[in-house]
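Novice: One letter stands for each residue in the lines below.
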Amino acid sequence: MDASRMPEAKTEDVLVVEDLVVETAGRNSAKILSGVSLRVAPGETVCLVGESGSGKSVTSLATMGLLPKGALMARSGRILVEGEDVLTARPARLRQLRATRMSMIFQEPMTALNPVLTIERQLEEVLSAHSQMSAKERRDRIRGILELVRLPDVERMCRSHPHQLSGGQRQRVMIAMALVLEPKLLIADEPTTALDVTTQKEILRLIAEIQERLGTSVLFITHDMGVVADIATRVYVMRHGAIVEEGPIQRILEKPERDYTRDLLAAVPALHPREGRAAASREVVLSTSELGMVYRQPSLFRKRQGTVAAKDVNIKLKRGRTLGVVGESGSGKSTVARCVMRLIDPTEGSIRLRGEEIVGLSRGALRPMRKRIQMIFQDPNRSLNPRLTVGDSITEGPINYGSEPRAARERAMELLELVGLPADAVDRHPHQFSGGQRQRIAIARALAMEPDVLVADEAVSALDVSVQAQVLDLLDEIQTRLGIALLFITHDLRVAAQICDEVVVMQNGRVVEYGPTAEVLGNPREAYTRQLIEAAPGRHWDFPNFRPLAPGGPGSIEATA
Amino acid sequence: MLAYIARRILASIPVMIVVALFVFLLLRLTPGDPAAIIAGDMATPAQLDQIRQSLGLNEPLVTQFVTWSGQLLSGDFGRSLISKTPVLRLIGQRLEPTLSLAIVTMLITLLLSIPMGVLAAWRHGSLTDSAVMAISVLGFSIPVFVTGYIFIQIFAIDLRIFPVQGFKSIGEGFWPFFSRIFLPALTLATIYIALIARMTRAAMLDVLGEDYVRTARAKGLSERVVLFRHALRNAAVPILTVVGTGFALMISGVVVTESVFNIPGLGRLTVDAILARDYPVIQALILLTSGIYVVINLLIDISYAFMDPRIRY
Amino acid sequence: MADKATLASAEPVIRRRFLPQIAVSRLRFAPTLAAICLALIVVAAVFAPLIAPYDPIAMNPMERLAPASWAHPFGTDPYGRDVFSRTLYGAQISLIVGLGAAFVAVLVGLPLGLLAGFFRWIDAVLMRIMDGLMAIPSILLAIAIVSLAGSSLWTVLVAITIPEIPRVVRLVRSVVLSAREEPYVEAAIAVGSSLFKIMWRHLTPNTIAPLIVQGTYVCASAILTEAILSFLGAGIGTETPSWGNIMSEGRLYFQLKPGLVFWPGLFLSLCILSINILGDTARDVMDPRLGKGRAG
Amino acid sequence: MSFLANAAAFRPSRLVRSALLASVVALSGFAAAPVDAQEIRAVMHSGIRVLDPVITTAHITRNHGYMIYDTLLGMDENLKPQPQMASWEVSDDGLTYTFTLRDGLKWHDGAPVTSADAVASLKRWGERDGGAQMMFKSVESLEPKDDKTFVLKLKEPFSYVLELMAKPSGLPTFIMPERVAKTPAGESITDYTGSGPFKFVEAEFEPGVRAVYEKNEDYVPRDEPPSWTAGGKVVNVDRVTWVVMPDIQTAVNAINGGEIDFLEQTPIDLLPLLQANPDLTVEVLSPLGYQTMARLNWLNPPFDDVKIRQAAMTALGQEPILAALVGNPEYMKSCGSMYGCGTPFATDAGSEPIMSGPQPEKAKAMLEEAGYDGTPIVLMQPTDVPSIAPQPVVGAQLLRQAGFSVDMQPMDWQTLVTRRASQAPVKDGGWNMFFTNWIIPEVWSPINNPMLNGGGKEAAWFGWPDDPELDEMRTKFAQASDDETRKEIAADIQAHAFEVVNYIPVGEYTIPSTSRKSLSGMLKMPVPVFWNVEKAAD
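Residue numbers (full-length UniProt numbering), protein chains in the order written: chain A, 1 to 561; chain B, 1 to 313; chain C, 1 to 296; chain D, 1 to 538.
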């Protein structure tokens, strides 16, 4: 694809947004969008990328006329969908436009579908709201669209409720729902962010196909440069509620004009593994053998066999090294983390912390061990007690182990500086910090215990790429400084590739492949591992260096299909 | 499901035992002597004792409890100490009025409170919202008997629309029944309208923030559909919960309403029995009411499963 | 770092951050009014001895049921006692009952709820008992207790409070059950904090918001229950004027001398109204979800 | 529905069935009353619970007694005993009474009334009634002679036999079938067969809700015109239903709205609401009215000291209490007679201390002299009985003004009746003082008056004065042959009783009844009865 495919004539544009300004309602209103303009031509896929807070979602909501009432409102600008202004449209008219001319799919397929209504009902009401179809026609239409989105056993699907479907299936339903009336414009707001890579790949392909079939234009909102590289024809880069750069995908990837775009791309971790580090020490600080966790619901009447969350997990972690545990959701990687933390008690196997068995230790006996192994949680917004000052959170542990409050506080300040925060942060509360900063605080809290092992459970997944990069650097730096061993749980192969010395690939609670990162990701032996790598978006592109990786270039199958 | 119900009923047995024991002891510790109540003003100590003896009140507590619970297990609730009427007959006589009152009250309540709550949540922050909340909170802030008197004054005495008092079985025709039950039900409803309207509002506010509501809007559905098909149904569980506890709370309101409107119901029976220390009646009644409470909550919990397919027992 | 701070995630925030603002700005008017009203009542209660023109129990049978006049702004009751003075003093009792009930219920319910939320076996036992208590209609329990211990202010207070406790316990328990799953609680476990410390430092604070809301409802319903108890003849003795017993003594004259019920009733309703409004405000600001609190 | 479910929760089918059955009975009860039938719907002063007019002295049960039972003798408006079921002859020595049952007396089940029934009934009565107990002390034998006649033999003169048997209140001599009368005196009867002018419709009886009586077609009234409980009891209506209305306000509204025909006790303060209504008659049916009184406990300090009892009496006064209780002068009068004013034995002997109104100063002085140590007086106040609630409140204030320290303890009436039976010291749940009311016929002679009994802990009424002197005088009274002597003795008794402060009468009041104009022929007498009443279409 090239510039020639870029439409000139604005008139036929499916969507035209002209310097849209959105502000918060109420007394001291703040600008959320300051003059955003963009357009989407028939049949093209436009990506709107930006980090959290850049205002990309607000743009999409505004387009659908779905800005939260009483909270946000469009001050000025126009939003033309097929030439009709959404902002000035009457509510009734606006309702007509939705689902017929423009429709939207959301990030969380779990919450975006109504849990108490059957799939068929939820599709059916779109039709009955916008068309005079007979019941029969509606039935057929629904069956048709569900087949189109490749859902198995359509009849059963129709009868099912959302919770009975997998994440991927739900997202397919969402797509079906959005496209059942074949609108010209499809707005996809982070539609794959909540999904596993493999699923994500399928969904992206699906969208591409359908778009091909129905000639729909897609406005695709994402933060994931990989996805952008795979699917976009044109890209808008947003930041702080404004478009910073716009252009065809190729150009953006190869010669970004703005520093911000540049940073954004540079921050994307390369998929090819880091070169292995020389082992600093032979000492094994953490090891598990035949570790297993089976969840059993107690039942009054019959004995249910439980669900296996982990089975026969054997890992060894040496001082100063980083062991990655990768896998999709439900692969049991978090279970392993929580077991070694003894937040849950494994049902079988043993865990040795610096040679000492910690499975089956009583709360009391465990206490001295706790000191040696600490954890960083996925969501920095929830892992810090909002009511405690940063200082209190950090010093809680040390004080538990008898250090002077005063001394602990001093230490806390040092640590804060160590993790790149001002020392005076001790007296502030978590909500005064950004996600990345909070994660740093969480790290400081963990370090305050001077542990031998640090367990990072999806520690960077919730963060924007730029922040992600910084946190990863921080961890790396700390490791080299303090020689802490790192057990790094992640679903993101790119991250794993960048930080881990060794990786464990898990699937359905079992270890599939275990070895040095270079080998496992370089030339995977197991089909599943390969599958994972295959699925990683934008894997043909070497973002930090603005050039294609392997032959084939950015025009990957998905985008051109 | 059945297993669940079975489990719940099993679980409720200890509750009932707790209640039974608690009530029994409470009553026996309460000063008050049915004999003195029976004998009237002129009785001499000797005569009182004579009566106590014949009522078996001189037995040791344990014996009394054993005999009583023994009877219970054989389904025998005994006779009123005072009037000698079988307890079950007493309760049977009073059941219909109270049930009628409770049901009509709930109907009125639901008819008014749910729309109010939905409206308030939908127009959250608007004047309508404040108004609805104000009304419901007001209903919550006036003692039942005052509300009752006011209604009587207006509808029965001034406007003469309804009779002042009394109860007629629905068996005697709808209007005789309705004209007598309506005011008390309305009086009682004021509390629950307040309760359920605000609960509905809260639950709706919760749900209206959900993604699937946004989805529904994105599908271009009318607000009515969005509110009632998508939001309300998801808000149902907490609302149901309040309805359940509402029924439980109702008894106290019932007691007052029944005496203001002279409805011969369980509430009045209970108060009379307590004031007359009519032990068998009180015990039976409290067991009954707590039984009702347990069952209603069970029904509510079961109904969750119908409201929300994710809930399975 | 600084510029990263500005990148604080906005999408999820939209709903969370803006609604309370609106809630507050909307409710600012009503709660202020409520607060003022409540304040006035408190003043009336505290300074009753100074404001009240008469001794609330000094009777003068010769001028019983006198109509409202300058001498007796609200008229006199069947004993010829000054209803205005009684109403002022009544504020004392009603407030004591309301606040007392709320306070005691929370005081007892909080620890029980924490324990129940944390230890399975305590939960099992305790909750059975609480269910038992809840299953007994509160008003009947109250009547029984009052006639058991004689109808003094304190017995009435106890009688009113006991049925409220299970609701508080349930509330606290539910909060604990959800809060203990929070990562920061796990983090606390990870840094080896003692159970007590975790409860006190990490769990209890979560219960405060709902408890405040619940507390207001307990307070309001306690004041009402006192009135109802008086109505049923199981209230506080007539020598301790409370809005409840003033009304129930006056209710016979409702059609002839409405003032006897109207004035204390007005005070009572205003008081409860204010408390409820403040409670609602608290809930709206803190979290609409807390509406469930009332139901317990 | 939820009921069925809940029944299932305890005890399955059986309970369900019985309860359903019960409610069906109840329903049929609702349905049974035919609209056009001559039915009087009356709200009595309280709901009837106890159905045994011998085991209890509760007025409502007494009224119930007059509905379904007949009495051996009646008393006319001149307070003279008259034949009702039986006529009598007295032997010249006054020791033998021969009673002859009149013809046509039938039980509701059709069986004839025999002298055996009468004798059994009298004996049971003798076990429960205070006066009767006294009488039976002097009785040698009480035997049936034949089906129609029976004989009462005295071993010593007791001249008050007929008055006792004829007394309209307290425990009148209701005659029950022998099988019923055989029920132990301490046990309530469960067979409600009487021979009175009305039949009790047991199926429609709902304690605390309604009691229904229907005309006894077989009843043969006497020929004399009705006069109090004497004379012919002619029933002119098909049914009488006593409806219970716990809230008097509701009752007043109900009779105003024509939903009921008769309201036995109209709260005087609410009269304005009724007098305005042309369809209503408000009148006092029992001119003798009520005596309200205070009783002091002789067992516990400070009232174990006669001086302090006297001080208390001096401190109290009738007007203020009456004012608080009644308010309307038309319906209250202060009265210095323990036997009630306007009765044969009425006298104001010794009543000066109470009749001269509250004298706080004098009382103070007396307390001073008696060396009152400030022991608080536990004064029991019933919160749930309007007719007794005000007295203690006023009383407390008067006593305090005289320097007593008073601990007024509010409680419900049932707690009070229980607690007043306790002879324990105050700290163990005892008491010092309470108030209650009597209808005059219950106190109008030294024999009837329950308070005037010096029997102490065993025999005396609550408060337990141990006063042999008093009992001697009563015996004299009982044996006195002519009215003059009786009057004198009665006066002496009263003087003595006031002297030692046996109890303190604090005034008399009457309570007006309200009836729809459609009712006529309501008899003026101490007991509300429903014979002789006619109901015109409303």
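One thing to keep in mind: the hints can contain errors.
[Unchecked claim] Pairs of lysine-lysine, DSBU-like flavour, derived with a Cα cap of 30 Å:
no., chain 1, residue 1, chain 2, residue 2
1, B, K84, D, K153
2, D, K145, B, K84
3, B, K84, D, K427
4, C, K197, A, K69
5, D, K517, B, K168
[To be verified] Computed footprint of chain D on chain C, listed as stretches where at least three residues anywhere in the stretch have a Cβ under 8 Å from a Cβ of chain D:
no., region
6, 90–103
7, 128–138
8, 194–205
[To be verified] Label-pair distances were calculated between CB atoms; the ranges are:
no., chain 1, residue 1, chain 2, residue 2, range
9, A, S29, B, D158, 16 to 24 Å
10, D, A276, B, P176, 51 to 59 Å
11, C, L33, B, D158, 42 to 50 Å
12, D, K182, C, V108, 32 to 40 Å
13, A, R27, C, V108, 37 to 45 Å
14, C, M62, D, A276, 21 to 29 Å
Quick caveat, the hints were computed from the structure, so don't treat them as lab data.
Since the structure is predicted, the reported quantities are computational estimates derived from the model, not experimental observations.
Heads up, the beta-carbon is just placed ideally off N, CA and C, and yes, glycines get one too.
Novice: Would the pair D/K145 and B/K84 pass a check requiring their Cα atoms to be no farther apart than 30 Å?
Specialist: violated (35 Å)
Novice: Using the Cβ atoms, figure out if A/R27 sits within 37 to 45 Å of C/V108.
Specialist: holds (43 Å)
Novice: For the pair supplied as a hint, C/K197 and A/K69, confirm whether the alpha-carbon distance does not exceed 30 Å.
Specialist: Violated: C/K197 and A/K69 sit about 42 Å apart, past 30 Å.
Novice: Quickly compare the C-alpha distance for D/K517 and B/K168 to 30 Å and report which way the hint goes.
Specialist: Holds, at about 26 Å.
Novice: Confirm or reject the claim that D/K182 and C/V108 have a C-beta distance inside 32 to 40 Å.
Specialist: 56 Å Cβ-Cβ, so the 32 to 40 Å window is violated.
Novice: Are the Cα atoms of B/K84 and D/K153 separated by 30 Å or less?
Specialist: Violated, because 36 Å separates the two Cα atoms, which is more than 30 Å.
Novice: Please test the hint of 21 to 29 Å on the beta carbon pair from C/M62 and D/A276.
Specialist: Because 26 Å falls inside the window, the suggested range holds.
Novice: Count the residues of the region 194–205 of chain C with a beta-carbon closer than 8 Å to any beta-carbon of chain D: does the count reach three?
Specialist: violated (count 0)
Novice: Does 42 to 50 Å hold as the CB distance between C/L33 and B/D158, or does it fail?
Specialist: Violated - the Cβ-Cβ distance for C/L33 and B/D158, about 31 Å, lies outside 42 to 50 Å.
Novice: Is 16 to 24 Å right for how far apart the beta carbons of A/S29 and B/D158 are?
Specialist: Taking Cβ atoms as reference, A/S29 and B/D158 lie about 53 Å apart, which means the hint is violated.
Novice: Are there at least three residues in the region 90–103 of chain C whose beta carbon sits under 8 Å from a beta carbon of chain D?
Specialist: violated (count 0)
Novice: Taking 51 to 59 Å as the hint, is the beta-carbon distance of D/A276 and B/P176 inside that range?
Specialist: About 28 Å separates the Cβ atoms of D/A276 and B/P176, which means 51 to 59 Å is violated.
Checked against the numbered hints given earlier, this structure breaks hints 1, 2, 3, 4, 6, 7, 8, 9, 10, 11 and 12; the rest are met.
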